[in-house]
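Novice: So the sequence lines, in the order shown, correspond to chains A and B.
Numbering-wise (our numbering), the first sequence opens with residue 3 and increments by one.
Numbering-wise (our numbering), the second sequence opens with residue 3 and increments by one.
Think of the hints as simulated: they come from the structure by calculation, not from any bench.
You may find that some hints are simply not true.
The list treats identical chains as interchangeable, and a pair is accepted whether it falls inside one copy or across any two copies.
With a cut-off of at most 20 Å between alpha-carbon atoms, the simulated EDC-like pairs for lysine to aspartate or glutamate come out as follows [claimed, not checked]:
(1) Lys7 / Asp216
(2) Lys64 / Glu34
(3) Lys7 / Glu126
(4) Lys26 / Glu61
(5) Lys26 / Asp58
(6) Lys236 / Asp85
(7) Lys64 / Glu94
(8) Lys26 / Glu69
There are 2 protein chains.
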Amino acid sequence: MSPPKVPDGATRGWIVPIGGGEQKEHDPVILERFVQLCGGRDARIMVIPTASRLADTGERYKRIFTELSAGEVRVVDFDTRRDAGEAGRLEEIAECDGIFLTGGNQLRLATLLGGTGVARLLRERNANGVHIAGTSAGASFLSEHMIAFGEDGVTPHAGSVTLAPGLGLTNRVVIDQHFTQRNRLGRLITALAFNPFLIGLGLDEDTAAFIGPDQTVEVEGSGTLTVVDAAKLKFSSMDQAGPNDSVSMLGLTMHVLVRGATFNLHTRHASAGALAVTKE
Amino acid sequence: MSPPKVPDGATRGWIVPIGGGEQKEHDPVILERFVQLCGGRDARIMVIPTASRLADTGERYKRIFTELSAGEVRVVDFDTRRDAGEAGRLEEIAECDGIFLTGGNQLRLATLLGGTGVARLLRERNANGVHIAGTSAGASFLSEHMIAFGEDGVTPHAGSVTLAPGLGLTNRVVIDQHFTQRNRLGRLITALAFNPFLIGLGLDEDTAAFIGPDQTVEVEGSGTLTVVDAAKLKFSSMDQAGPNDSVSMLGLTMHVLVRGATFNLHTRHASAGALAVTKE
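Input sequences plus hints: build the corresponding full structure.
Specialist: This is the structure:
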């Protein structure tokens with residue numbers, strides 16, 4: 003699933019991966035910004051808790067978004083692939099301003115929604131201006147190339163990451179979450195070692211990448227966003243590495259960004275500049 | 003790398019994955035059809051032997067295509083990522099009617115060409131009508147989601163396949179080669195278990211899938227093309243499977259096709275009908 007075509011005259015909605023563990027009550031800057039982006043008191047937000055196996059995940063986010071004064075919050079869950087083709091639920095998705103994918107397991111999202119009407123509609127809605135955020139597993143799922151699972155550690159080795167197709171709202175990045183907390187640099191770099199066209203985004207907990215329609219990433223929250231850019235890579239040994247071998251990569255570019263910093267996915271230019279004005 | 007946009011008025015070139023071991027001297031129907039597709043005696047064919055580490059792979063295919071009366075055959079190889087940005091070599095690619103990627107190791111193609119000017123140009127040329135074929139490793143590389151490596155066997159288990167980003171001429175399929183010969187059904191099904199939007203193409207040796215601009219796949223050669231379609235999948239257990247666990251999938255559709263049969267990637271309709279007329 004490659005990024006959907008944005009129709010003439012339309013502007014793509016924002017894509018907002020969050021590294022998990024975002025503040026929900028005390029100073030919830032990320033969720034608050036998402037509500038504002040979707041229209042604040044007019045915002046109709048749809049929560050999809052499908053990644054989670056906990057019964058109250060959807061209701062919990064409904065309460066949080068309601069406390070943040072969103073106009074209307076609904077929860078739509080999908081337990082089977084048949085659910086993901088049901089007309090009534092698709093209509094609810096068609097009518098919102100923002101969609102929020104909770105954490106859990108990204109392979110629940112991919113196996114339940116991949117190739118269904120829900121996946122098609124999410125892509126089509128984003129191309130037409132609906133903002134889509136995801137936290138933890140929900141963040142991983144947003145991109146075309148998704149980290150399904152992997153091993154912790156700082157340095158890359160060939161078998162440390164398993165990629166799978168994701169939702170495909172963007173194809174420029176591969177997203178990892180709980181980045182500092184779970185020591186995931188090695189597996190993110192490994193993901194780039196296969197094919198260096200990707201840009202790696204490593205999101206700490208309580209940290210979000212607000213990816214605007216102009217391909218500028220704006221960092222929000224209390225942690226760091228680690229950007230690994232392989233555009234100038236001179237060499238990758240992935241083609242010669244066995245599953246347990248370390249991988250050699252020469253010429254990676256890395257940026258560690260905090261709130262207010264930006265990175266442009268098109269020009270690959272990083273800036274430490276002030277937080278850009280929220281576009282609504 | 004998602005499929006490049008086809009400009010208004012242009013027609014995408016054919017995409018031709020071959021399962022490896024294609025006949026080269028006695029009755030080379032696949033290579034012959036590729037030459038005809040590219041213009042026969044007027045065809046300018048570019049051979050890229052980068053997947054291979056053997057010194058004579060490029061020259062061998064040059065000889066074969068010349069014997070098949072192609073108008074002009076050149077070999078361009080890339081040993082480093084720097085080579086893949088060199089203007090002279092890019093110009094040669096820009097001027098041909100057909101491009102042929104040899105076998106070897108698909109991760110040599112992805113690590114050397116991914117994110118370089120060569121990858122961009124191959125995508126752009128295909129969108130503008132240049133036909134691109136690949137055999138064995140060259141076949142695997144053609145699609146957006148590529149099988150990097152995996153294990154043999156008939157049934158799926160979670161750790162049996164490693165996906166990586168490929169060239170991305172098409173994003174609808176995941177391609178496997180030497181399919182019957184190396185017993186690869188299990189890993190192809192596993193690839194679909196992650197995200198059922200993919201269509202699996204399992205190509206036997208001496209067998210090719212000629213994928214036309216209208217998304218119809220035409221089978222050529224002496225073996226079978228196995229199509230695994232997960233569009234009607236009811237359930238995948240991949241989200242619950244550990245690395246060595248078997249994976250459950252309910253509702254896969256499978257077609258085994260021989261020369262003359264077709265499968266439409268858009269409608270997902272298979273036909274045993276007569277070999278379609280070669281379009282030039």
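Novice: Can you tell me if Lys64 and Glu94 fall within 20 Å by alpha carbon in one copy, between copies, both or neither?
Specialist: The answer is within: 15 Å in one copy meets 20 Å, while 58 Å across copies does not.
Novice: Could you figure out if Lys26 and Glu61 sit no more than 20 Å apart (CA to CA) within one copy, between two copies, both or neither?
Specialist: within (13 Å within a copy, 63 Å between copies)
Novice: Quick one: Lys64 to Glu34, C-alpha cut-off 20 Å, is that within a copy, between copies, both, or neither?
Specialist: within (13 Å within a copy, 62 Å between copies)
Novice: Could you figure out if Lys7 and Glu126 sit no more than 20 Å apart (CA to CA) within one copy, between two copies, both or neither?
Specialist: both (8 Å within a copy, 17 Å between copies)
Novice: With 20 Å as the alpha-carbon cut-off, assign the pair Lys7 and Asp216 to within, between, both or neither.
Specialist: both (14 Å within a copy, 19 Å between copies)
Novice: If the cutoff is 20 Å on CA atoms, where do Lys236 and Asp85 land: within, between, both or neither? Let me know, please.
Specialist: The answer is between: 10 Å across copies meets 20 Å, while 47 Å in one copy does not.
Novice: Up to 20 Å between alpha-carbons, please classify Lys26 paired with Asp58: within, between, both or neither.
Specialist: within (15 Å within a copy, 62 Å between copies)
Novice: For Lys26 and Glu69, with the copy left unspecified, which applies at a CA distance of at most 20 Å: within, between, both, or neither?
Specialist: So Lys26 and Glu69 pass the 20 Å test inside one copy only (10 Å; across, 70 Å).
The structure is consistent with each of the numbered hints, conforming to all of them.
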